[in-house]
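Residue numbers (the working numbering), protein chains in the order written: chain A, 82 to 343; chain B, 82 to 343; chain C, 82 to 343; chain D, 199 to 437; chain E, 199 to 437; chain F, 199 to 437.
No lab work stands behind these hints: they were computed from the structure.
Check before you lean on any hint, since a few could be wrong.
Simulated coverage check for chain F against chain B, where a stretch passes if three residues somewhere in it have a Cβ under 8 Å from a Cβ of chain B [said to hold, decoys possible]:
id	region
1	388-402
2	409-416
Computed from the model, here is a short list of chain E residues facing chain C with C-beta under 10 Å [stated by the list, open to error]:
id	residue
3	Asp215
4	Asp216
5	Ile261
6	Arg288
7	Arg294
8	Glu297
9	Ile301
10	Ile388
11	Ser392
12	Pro406
Small disclaimer: the values here were computed from a predicted structure and weren't measured.
Glycine is no exception: its CB is placed at the ideal position from the N, C-alpha and C atoms.
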Amino acid sequence: MNIVPEITRKSITDLINNQERADGRSLNDYREISLETDVISKAEGSARVKIGNTQIVVGTKSQLGDPFPDTPKVGVIITNSELLPMAAPEFESGPPDEHSVELSRVVDRCIRESRMVDLEKLCIIEGKKVRMVFIDLHILDYDGNLFDAAVLGAVAALLTTKIPKITLEGSEIVIDAENKESLPIRDKALMCTFAKIGDNMILDPSIDEEEILSARLSIGMTESGKICAMQKGGATPLTKEEIMSAVKLTEEKTKVLMEYLP
Amino acid sequence: MNIVPEITRKSITDLINNQERADGRSLNDYREISLETDVISKAEGSARVKIGNTQIVVGTKSQLGDPFPDTPKVGVIITNSELLPMAAPEFESGPPDEHSVELSRVVDRCIRESRMVDLEKLCIIEGKKVRMVFIDLHILDYDGNLFDAAVLGAVAALLTTKIPKITLEGSEIVIDAENKESLPIRDKALMCTFAKIGDNMILDPSIDEEEILSARLSIGMTESGKICAMQKGGATPLTKEEIMSAVKLTEEKTKVLMEYLP
Amino acid sequence: MNIVPEITRKSITDLINNQERADGRSLNDYREISLETDVISKAEGSARVKIGNTQIVVGTKSQLGDPFPDTPKVGVIITNSELLPMAAPEFESGPPDEHSVELSRVVDRCIRESRMVDLEKLCIIEGKKVRMVFIDLHILDYDGNLFDAAVLGAVAALLTTKIPKITLEGSEIVIDAENKESLPIRDKALMCTFAKIGDNMILDPSIDEEEILSARLSIGMTESGKICAMQKGGATPLTKEEIMSAVKLTEEKTKVLMEYLP
Amino acid sequence: MIIILTEGTNLGTKSRDDGRAFDELRPLTIEAGVLERADGSAYLEFGGNKVLVAVYGPKESFIRRFQRPDRAYIRCRYNMAPFSVDDRKRPGPDRRSVEISKITAEALQPAILLEKYPRSVIEIFIEVLEAEGGTRCAGITAASVALADAGIPMRDMVVACASGKVNDEVVLDLSEVEDKDGQADVPVAIMPRSGKITLLQSDGSLTPEEFEKAVDLAVEGCQSISKVQKEALKNRYGE
Amino acid sequence: MIIILTEGTNLGTKSRDDGRAFDELRPLTIEAGVLERADGSAYLEFGGNKVLVAVYGPKESFIRRFQRPDRAYIRCRYNMAPFSVDDRKRPGPDRRSVEISKITAEALQPAILLEKYPRSVIEIFIEVLEAEGGTRCAGITAASVALADAGIPMRDMVVACASGKVNDEVVLDLSEVEDKDGQADVPVAIMPRSGKITLLQSDGSLTPEEFEKAVDLAVEGCQSISKVQKEALKNRYGE
Amino acid sequence: MIIILTEGTNLGTKSRDDGRAFDELRPLTIEAGVLERADGSAYLEFGGNKVLVAVYGPKESFIRRFQRPDRAYIRCRYNMAPFSVDDRKRPGPDRRSVEISKITAEALQPAILLEKYPRSVIEIFIEVLEAEGGTRCAGITAASVALADAGIPMRDMVVACASGKVNDEVVLDLSEVEDKDGQADVPVAIMPRSGKITLLQSDGSLTPEEFEKAVDLAVEGCQSISKVQKEALKNRYGE
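Okay, chain A solo, but in the shape it has when bound (with noise of 0.2 Å):
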């Protein structure tokens, strides 16, 4: 963990309680936003996204599996993280650590709940065969708030995965590579992220307000407006004013992320 000096701690935190940024943005504004899919040929879907400096490239890739015993009938989503030591001089190599994890199920959580993927079309045999789709989030350069910057990549290698035809011949599963198809796609969701500072909420925090921030709060939110994940980090507490405004401000700001995708 990086030991903030207690004089940058100052600047910025003097700075957003006049309600401004070091970057000049003002306190509800995302940095500049790129997204490009198809980025990875081998990949059935991607994308590389750049929230600011921060990069990530997402892959997905199907394959055939089991279900889970409780859910017979529909098909998985695994969504997998690796805060790469390529990203960041703190990050290092091994196995995923806690904020790896959490990044990993926040993001999947944001998927899942949303249904955004129809996961019963996944189904091949129920109980026997289903598809499973694997999200690598593979983390280049970590310039922060990696959870907006995840989801937004995410989605988008999700509405461009292209992945064989399945049919079933009498007992047999005939795996077409010739021909793809997309996944089944119902209502996306994307997240903002917000970090406390001073008396203030912003919107997507830089590593340096990161390093600072007294809470954070991530917010997932359905094209139609559903609340479909939330998460709270930081070790000081929230009012419950500060999180409903949080809240309104995602329905306004997702609906901006939106027009980023493919």
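Following the hints, put chains B, C, D, E and F in place on chain A, whose structure we already have.
For chains B, C, D, E and F alone, kept in the frame of chain A given last:
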């Protein structure tokens, strides 16, 4: 490991050399023992055992599995113990260390070699499917003498275990979770542990006594008086006479312990 | 890692620059080599090889397994090496480190790429069942040049391996452990390792020489004179001339090594 | 050991799986000081949940990486016993328990006067002996009592409770069945004096209005549970 | 970003799978300075390969075991993204990546003035985002540019390229298909000024004559690629 | 290298699987000083068992957790080669080898003058190259010779041997077949001068009388093996 102050070591040893113990027990007394069964509804069998302040919860669960290739006709019992970091300041999280491995292997041998559970009756289809019974020892509070408490708890949990009836209909295995049956129990076995301190062997060492013991001897004995398991520990040798008099005492003391069983 | 005193480094280097070596060998000599086979009765093939004081026991075992999806018609050879903590004060217990991984992968490539074992004959049922042959390298004493000793031992073990006859009766696989047969061997391959010290390349570096070498070059060559494996190591570059003269010497020296094979 | 049931208002609400009113908690008991070796401990039963918590510390930290010059840090481990769930759980941490350990530490941290113990660590071990929906909240509630039992100075207790949406209705304290078949689950932790929120998650589909209602309901539930925490400490230490 | 294609001579040579001449490289682009947090970085596309490299350091080493009193050491990690290959690769190191990490560090080491930074570490992280044959060479070539971008003082660049034997012919720069169906693969790295060889492997069956031809061809390939490295640095820093 | 066979009394005893008398040991050879790098070593063959032991130390310990201010500690690793048993064993420690490593260290410890080397470690590496029943005892017996070969000061040797119950009879030194089909197995280690017991396990079903007989028989076996240990050291170092 705790380093025990020399003065503590000396005072405990002097007492024992005078046939006394710090908590007023005689050399061959157990501390207060309590045993409750059916304490965990989701387990198939369970027990909470206390010897002094040492506290263990034991749960059993059965599932279907493959027999070992060299014993195709018998079911499998797997004993696992976790010295939870909660139980003592010196325990650490992580994979089982040598103490935890020794504990679960000694408990396992005591139960297996006593032939307490008729493993042949746990075979469903010879060479293909057998019942596997997991005994999980959850060590909550470590105040000395885990071996005797663990065996007592494990045996109590096994005695109260109810597993689903399984029948074969043709080649189909029918698991009837509504109708439960007891495990096929034969001879029961329990364990007595002795510590050598000063010139004496004492029964049921407390944590303070364990930390200064020079040798440890654990003896498993069946209701019918057969030795089914034995394990010496500690860095000092024992004479054959010391061992045989511990065996003699075990014959008497396992009878007392048996009375706690359900 | 050992830090070699500057004075040792200098004396070894000076000797070699004078075309001499500490143990009296010429630059292109092997130390004394000994090779016994059939040293482990429970292995299907085995060898104990010594080059100088470096000592390795190699054992082979076969079992049935699944072929790799992309090579359904051929058996599998798996080479594993353990730099046992017994073998040198600097070796540690634990999962294989990069030196151990490099060793087993280079030995594996030398054997696989020489096409020494006719893997197609190890296929039992195409795409379903093949023989898997494990080569386990147990490094007991590490006195330099593990590569050449490991390949020599592994090849000797393979040459003396007796596997059970397997026949297909209908869809049944019949393993006849009474009737053993040799592995289907074609061209044999061995390996020569050179170290660059001072201005010279020397053959078969001892432990002292390995610790000060600036580059290492291992060359695997078949009986018919084909290069089947090569691996440069060390932190100093080599010229093409140095490499080609090592290749030339390997042609000569593998012929000498071949004579030790059973 | 104390047992209380929060009485539900039950004013014509749709009946729930286990017959509770929409704002009714499951039976809850908490006991403080149940372990010998730990510096503090608590045992909680909440519906079918059985949770044991031990606290060690504050004590010197030997792990440089985590040490702070100006305060203690919290090391928290949430763990489920293999026999605590329907199908035996393999021992050891999984991704779910790693996440819950992290957010539990964050939920408790604001209440603890960490600045009193520079370079130290406070260890919190949460063992779920039996799980029946709502174990993360049960763990936080019990941990707070165990911290108090350990004599660790705190600004306030922390108390947690979930609400959610089941059969299109916002209800308090989801059981295991409701959690599995329900439409949303909203775990919340608060510091009861200020009412401020130290843990918040939401999982499922909720309109902003439903979400607000869920948070309000959970906060009410926390306030009820808070009384049981105090009762447990009173039973142990007297008034 | 620059794109060059090395023109093959194509003098009546047997055509290859993808129509290249025997001594023709696949299209290659390198861009330096593509990451914000890393001290140096480079992105390379080579045929279907996409490789990203980050460099950190020289910085103080806290791992005693690796620290050297008279120089820096290199810590190198070669890693493949799960989606970089046809069948999803499980995350984390395997034996292949452990070996490649080791020989990559050894291939780069002779070019770096490690003696300038006693007790330090230089970290090199190679991520293969997409693999199509020749990723270890692509990683070394890109790492060298990333090291220069990080301002680490070097004697020379290091540049790598494989040759091999396909359809009984010695050819340059094997594609994935050629690598799989071919008879031999010879990855080579050189320091282009001296022409000295810092990485050499050979995998397959080659006569000594074929091997010598393969090395010569690979060295030529390296010299061509070296120009693209320089171009990439020029594009970033000017002449 | 020496070979001895303890002659069994064979007074009308029931014949065993391999024709031995009830109190007859399998053929045993021990050789000291068989490795170059280790400070001490021994190689033992006992029936079909082949066991190699290396000893390093006493040397400075860098692991704080194990260091003792007033004596050395023992680090012991018992390991089976993958090819040592009928079905290939996966490399690396399993629960069985962890337990045997622990009790082997405890069996050897009373004989070693650890107090001569504060803050140090003595490392004992036991490799089972081939297993045929009784490897833990074989390992202890060989380790004791290796410790002496390393020049580590000892109060006495330690020597180990198992007895057991097969076909309702108490017999000495169970072979692999007898161990598997037998009714009980009792591994014992002693310090031969005092006859005191440093390792004792019992696995199977024995009356106290049978157990006592088994211990007596094992102690006798140990005394015989002790002569082979001394012979091995004499062969290496002379009288």
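inquiry  = A closest beta-carbon separation below 10 Å is what the hint needs, so does Ser392/E meet it against chain C?
reply    = The hint holds - Ser392/E has a Cβ within 10 Å of chain C, the shortest such distance being about 7 Å.
key: Residues of the region 388-402 of chain F with Cβ under 8 Å from chain B, three needed, outcome   = It holds: at least three residues are needed, and the region 388-402 of chain F offers 13 whose Cβ sits within less than 8 Å of chain B.
ask   = Under the criterion of a CB-CB separation shorter than 10 Å, is Arg294/E in contact with chain C as hinted?
value = holds (8 Å)
inquiry  = Can you verify the interface hint for Ile388/E: is its Cβ closer than 10 Å to any Cβ in chain C?
reply    = This hint holds: Ile388/E lies near chain C, its Cβ roughly 8 Å from the closest one there, short of 10 Å.
query = Do three or more residues of the region 409-416 of chain F come closer than 8 Å to chain B, measuring C-beta to C-beta?
reply = holds (count 4)
inquiry  = Quick check on Asp216/E please, does its C-beta sit within 10 Å of some C-beta on chain C?
reply    = At about 20 Å, which exceeds the 10 Å cut-off, the nearest Cβ of chain C leaves the hint on Asp216/E violated.
request  = Hold the hint about Ile261/E up to the distance rule: shortest CB distance to chain C must be less than 10 Å.
outcome  = Given a least distance of 12 Å, the restraint on Ile261/E is violated.
query = Does Glu297/E pass the interface hint, meaning its C-beta sits closer than 10 Å to a C-beta of chain C?
reply = holds (5 Å)
query = Taking the least C-beta to C-beta distance, is Asp215/E closer than 10 Å to chain C?
reply = Status violated, d = 17 Å.
ask   = Regarding the hint that Pro406/E lies at the interface with chain C, is the smallest CB-CB distance below 10 Å?
value = holds (5 Å)
ask   = Is the hint on Arg288/E kept, meaning its closest Cβ partner in chain C is under 10 Å away?
value = Where the cut-off is 10 Å and the nearest Cβ of chain C is about 15 Å from Arg288/E, the hint is violated.
query = With a cut-off of 10 Å, does the beta carbon of Ile301/E approach a beta carbon of chain C closely enough for the hint to hold?
reply = holds (7 Å)
Hint check: violations occur at hints 3, 4, 5, 6; the rest are consistent with the structure.
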